[in-house]
Amino acid sequence: MNTRLRFHHGEYDICANEALYASMAANGWQLARRGAYLSRFKRAEPEQRLYRIEYSTEAALPEDQLELYAECGWAHVCSRGILHIFTAPSGRGIPEIHTDPKLQAPILKRLRRRHIISLLVSLIVIALSVLFIAALSGPGEARAELALGFYGATALCCFYITLFILLIYSAIRESVQLTLLYRRLNRGEPLDRSGGRRLPHRILRGAMLSACAVFLLLFVFQLSCHEKWAPDAAPENPCISLTELGLAGKQSTNPVNNDDSCVTYDRSLLLEYWSSDEYVETEDGFASMYVHCYVLKGEDAAARLLPALLETAILASAEGFEEKSFPGLDEAYSAELEYVARSGSTLWYVTLLAPEGAGFADKAESVFSALAAK
Amino acid sequence: MSQQPMTEAMYYILLALLEPSHGYGLMQHIREISGGRMEIGPGTLYGVLTRMKAEGLIVQDAEQSRRKTYHITDAGRDALAEEYRRIKNMLRDGAVLEREVEE
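Protein sequences appear in the order of chains A and B. Under the numbering used here, think of the first position of the first sequence as 0, with each following residue one higher. Under the numbering used here, think of the first position of the second sequence as 11, with each following residue one higher.
The following block holds chain A by itself, in its conformation from the complex (with noise of 0.2 Å):
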């Protein structure tokens, strides 16, 4: 192997950086290319250099700078946006690059400002979609999908949510660690190549990136769980079907998509979800039903995620919802054509669209009464 990769400090980690790609070139590997988070080393032999970062307001550095920089030593190794990296062979007397820190300083002052606004502009951007996203569905609604897409996909949002929270800390060190530089040059000292106190940030840093590796690795492990089978191969599960309310009948497909009937199983870290979608053709016509259910760790948490479902219920809207009560079943609700009811920790939303003349006493008595048996 002649190349290497290995992750880098942050941006703005000036002297952290310095320090890792010293004691890579050390090790016998010399930075070859520095990319968003990984710098890419290629194989050479050990050797004592000193590396130094410079920052420009503009993409690429004038030439005739790069050129001064030539001459006095320190050769130009690889720039990512307005970082530049440089090289110098380490005890020969080459000049540093800013001997005056108060005029370094100023460079620090314009990043630092471009890096806070740049910072507010994303926090801004994010907080107006959450926004647009509330307005469209309605804050009610939008807060219903969020809590029902958490309990689906827990792992999933567990690492948005730690990777969003990694992504501000690292912002935001980085906005507090431009002003201490920035205030450390204005004073007229020079940047300070020590090496200091890492140890709580890496400690942090690599919580926060293991945490993230984690719930990608169980929800990556909860996909593979997903199954489906056709109607009749079905497990024993927690899904009512048609025949159970006396709706028999030759299978059938979806109309729309020509989809077959079929039940699945999915899980996330909260719950269990089963689905189940059938077609029939029955002697009075065409019956279809979907059922989800959630079956969770506990009851408070199904009671809590109840109003979830009634909130984003496809047909009738959480007013429209009457709520019943019914012997078996802790809470029950029904709409003209939908019902959501909890027993225990299980949670059902059903969607039943039966052919006229199907003989139902009340559709909505047959519904329950069948989920309660389960």
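Worth flagging that the hints you see were computed from the coordinates, not collected in a lab. Backbone N, C-alpha and C fix where the C-beta goes; we use that ideal spot for every residue, glycine too. Each statement offered as a hint is correct.
Some residues of chain A that are not near chain B, with every Cβ distance over 12 Å (derived):
(1) Glu46
(2) Gln47
(3) Leu118
(4) Arg186
(5) Arg204
(6) Cys211
(7) Lys227
(8) Leu244
(9) Tyr264
(10) Ala300
(11) Leu314
To give a feel for the contact side, a few chain A residues facing chain B, derived at Cβ under 8 Å:
(12) Glu53
(13) Asp63
(14) Gln64
(15) Tyr68
(16) Glu70
(17) Cys71
(18) Trp73
(19) Pro94
(20) Glu95
(21) Ile96
(22) His97
(23) Thr98
(24) Asp99
(25) Leu102
If you want the ones that stay clear, here's a sample from chain B, every Cβ over 12 Å from chain A, calculated:
(26) Glu29
(27) Glu42
(28) Gly45
(29) Glu65
(30) His81
(31) Asp84
(32) Ala85
(33) Glu93
(34) Arg95
(35) Met100
Dock chain B against chain A, hints included.
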């Protein structure tokens, strides 16, 4: 004409540019005229040259070769003379300290 006191780097760069020079030569010349006391790194030098160009104290040659040569302007000479006078006056005013320093 420069109103504010110059930084040490600016003063030595203008002083060295009484003879036109390119960047690297300028660094060596500054080291010579300061008796090795003044070392200016290339990043600092480039920053000061850029600032002084913008202030009209120096100009840069049209590209004759790969290296660009810097020249001091009349405004640069005036600013340097003004700074020299300021330093000289300060030295004169502080002459009273001469005996203390020697002791």
